[in-house]
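Based on the hints, put chain B in the right spot on chain A.
Residue numbers (the numbering used here), protein chains in the order written: chain A, 1 to 312; chain B, 313 to 624.
Calculated from the structure, these hints are not laboratory results.
Keep in mind that the hints are not guaranteed to be accurate.
[Unchecked claim] Derived lysine-lysine pairs resembling DSSO-like cross-links, with alpha carbons at most 30 Å apart: (1) K419(B) - K388(B); (2) K266(A) - K578(B); (3) K266(A) - K162(A); (4) K470(B) - K451(B); (5) K92(A) - K404(B).
Protein chains: 2
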Amino acid sequence: MAITVVGSVAFDSIETPAGRQDRCLGGAATYFSLAASFFTDVRVIAVVGEDFGPAEEAVFNARRIDTRGIERAAGKSFFWEGSYLDNLNEAKTHITDLNVFAAFEPKIPDAYRDSEFLFLANIDPVLQRRVREAMPDVKLVAGDTMNYWIKDHLAALKQVLKGLDVLLINDTEARMLAGNNNLVQAARGVLAMGPKTLVVKHGEYGATAFFSDRSFSGSGEALVSHPFRAPALPLEEVVDPTGAGDSFAGGFFGYLASQSELTPAKFRRAMFYGSVMGSFAVERFGTARLQELTRQEIDERFILFRELTHLD
Amino acid sequence: MAITVVGSVAFDSIETPAGRQDRCLGGAATYFSLAASFFTDVRVIAVVGEDFGPAEEAVFNARRIDTRGIERAAGKSFFWEGSYLDNLNEAKTHITDLNVFAAFEPKIPDAYRDSEFLFLANIDPVLQRRVREAMPDVKLVAGDTMNYWIKDHLAALKQVLKGLDVLLINDTEARMLAGNNNLVQAARGVLAMGPKTLVVKHGEYGATAFFSDRSFSGSGEALVSHPFRAPALPLEEVVDPTGAGDSFAGGFFGYLASQSELTPAKFRRAMFYGSVMGSFAVERFGTARLQELTRQEIDERFILFRELTHLD
Chain A
1 MAITVVGSVA
11 FDSIETPAGR
21 QDRCLGGAAT
31 YFSLAASFFT
41 DVRVIAVVGE
51 DFGPAEEAVF
61 NARRIDTRGI
71 ERAAGKSFFW
81 EGSYLDNLNE
91 AKTHITDLNV
101 FAAFEPKIPD
111 AYRDSEFLFL
121 ANIDPVLQRR
131 VREAMPDVKL
141 VAGDTMNYWI
151 KDHLAALKQV
161 LKGLDVLLIN
171 DTEARMLAGN
181 NNLVQAARGV
191 LAMGPKTLVV
201 KHGEYGATAF
211 FSDRSFSGSG
221 EALVSHPFRA
231 PALPLEEVVD
241 PTGAGDSFAG
251 GFFGYLASQS
261 ELTPAKFRRA
271 MFYGSVMGSF
281 AVERFGTARL
291 QELTRQEIDE
301 RFILFRELTH
311 LD
Chain B
313 MAITVVGSVA
323 FDSIETPAGR
333 QDRCLGGAAT
343 YFSLAASFFT
353 DVRVIAVVGE
363 DFGPAEEAVF
373 NARRIDTRGI
383 ERAAGKSFFW
393 EGSYLDNLNE
403 AKTHITDLNV
413 FAAFEPKIPD
423 AYRDSEFLFL
433 ANIDPVLQRR
443 VREAMPDVKL
453 VAGDTMNYWI
463 KDHLAALKQV
473 LKGLDVLLIN
483 DTEARMLAGN
493 NNLVQAARGV
503 LAMGPKTLVV
513 KHGEYGATAF
523 FSDRSFSGSG
533 EALVSHPFRA
543 PALPLEEVVD
553 PTGAGDSFAG
563 GFFGYLASQS
573 ELTPAKFRRA
583 MFYGSVMGSF
593 AVERFGTARL
603 QELTRQEIDE
613 RFILFRELTH
623 LD
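Pulled out of the complex, with its shape left as it was, chain A reads as follows (with noise of 0.2 Å):
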């Protein structure tokens, strides 16, 4: 089944121990469609500006993403420069310029209108829910958001929550937006914000699930009670950990389109393919990795996962 996801297609100048590069493709949208077109269709909504030529074009392409619904607007394109070179596991931004983002009202193509997975990367909530709502007939809904919406926008980011089977977020967002510290004390005041469940990444640890009694209301199974996590992959080098959460979540959510139904099982699948691709992602500068990927590397991994955490 199709995702449709809204978010943003970037340019991005990237500083990390390893080295420095100056705008790659970038943007949450970019790193989310990449990873899910391993695994199902994917149409993109975004907006873009006039230094987004064929050359980007065509890295979207090259996966058979939709770009009919990506607007070119007049002006640039969303740019961030950022670096990583005291911790890997926070960017330190030296430059967002909002560009044509910050006039930014997404239009759906009518031929994205079938999409049964609705994915809400890390946009302004307000532009979140209006997605939302002009398509109400998704199956399944999933986002993520950031510090700086829960910090200065929350009440518009409540909106959102109310709506989503599936928020996806790391672990100093879940403990913000709960205000609480511990984990699972977090989780359970994030779930109660509306939430069915709750993904929370924890870069180079991996990531927890945690289940409401909602979670898997239509798959007829029996409530998981206790969280699930999946693990990352110990890594010889993070070249840029730029995009590993957005490619999580596509990796995540692609999987699970790509399924008949929601199940535990499933989802316990979901989560070790989020993590999948988001080792990759970080292997490379920018998208580098995700472009030149085959799904046999993604099986493979897949494998190499279980075999990091599975008994026998």
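Chain B in isolation, oriented as in the chain A frame:
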């Protein structure tokens, strides 16, 4: 098979967000031996002062731990006071009174000499080495250390590392010991110093074992080329993190000592049992939870840890 453990038996005054407890029975050898005692016979080598009375002795006796190697000296037992008010993952030390521990000369009772397993808990590496050399016939030796010994007693520590089958330390210690911030590279550096296998404890994120080509040299099984990661249990409340790492070591090494040989499959289960014992230790102040624990609870939590991470 029996384990001999050398390390501290102490009194701790501990403050955490959950409250405060004065002069709990503590010390690395105490946590280790209580945790390991659920799996195999344990024999302790330590020194205590005149403040170690029948009540403390009874804690060991209740678990049938051999205390003939706990020497009574004139003066007071090792005392530590610390708090975890800002960060449950890192203790802030207020007082360290070595007391009788300052002149500790480990003596090995004859009754301990047929122990096939030896655990060198976190003490002066000069003492660790002395005990190791006094027990040349043990089958498997594991050990722990801390930042203090890495920083200021590295030469002595390196002598100990050469003779270890398994070293158990935390992330910070592994990175400090190898002088490398990347965990995979740090692990390779530490393994090059001598330990056949390295277990890195990640606190609330579990633990990762890194293997060398000498890890399972006696088992006749194929080399394990990738790490293994055991989860930790996302806990509603961490009452007191003190002793979690020592309890992990006790569960891990106790399980191994209860098995007839060290194979990759046994090793993976040992990692899970380590995590299980660590997860119990933090549920109450000091050793209170380990004292009241039952084997059935351990087995139930082992199953939970499997469900927490396994796909099927």
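Verification of the supplied hints:
1. The hinted pair formed by K419(B) and K388(B) meets the criterion: a straight-line CA distance of about 19 Å does not exceed 30 Å.
2. At roughly 28 Å between alpha-carbon atoms, K266(A) and K578(B) fall within 30 Å of each other, so this suggested pair holds.
3. Under the criterion of a C-alpha separation no larger than 30 Å, the hint pairing K266(A) with K162(A) is consistent with the structure, at around 23 Å.
4. For the hint pairing K470(B) with K451(B), the CA-to-CA distance comes to about 20 Å; that is within 30 Å, so the pair holds.
5. Simply put, K92(A) and K404(B) have alpha-carbon atoms about 28 Å apart, close enough for the 30 Å limit, and the pair holds.
Of the numbered hints given earlier, the model fails none.
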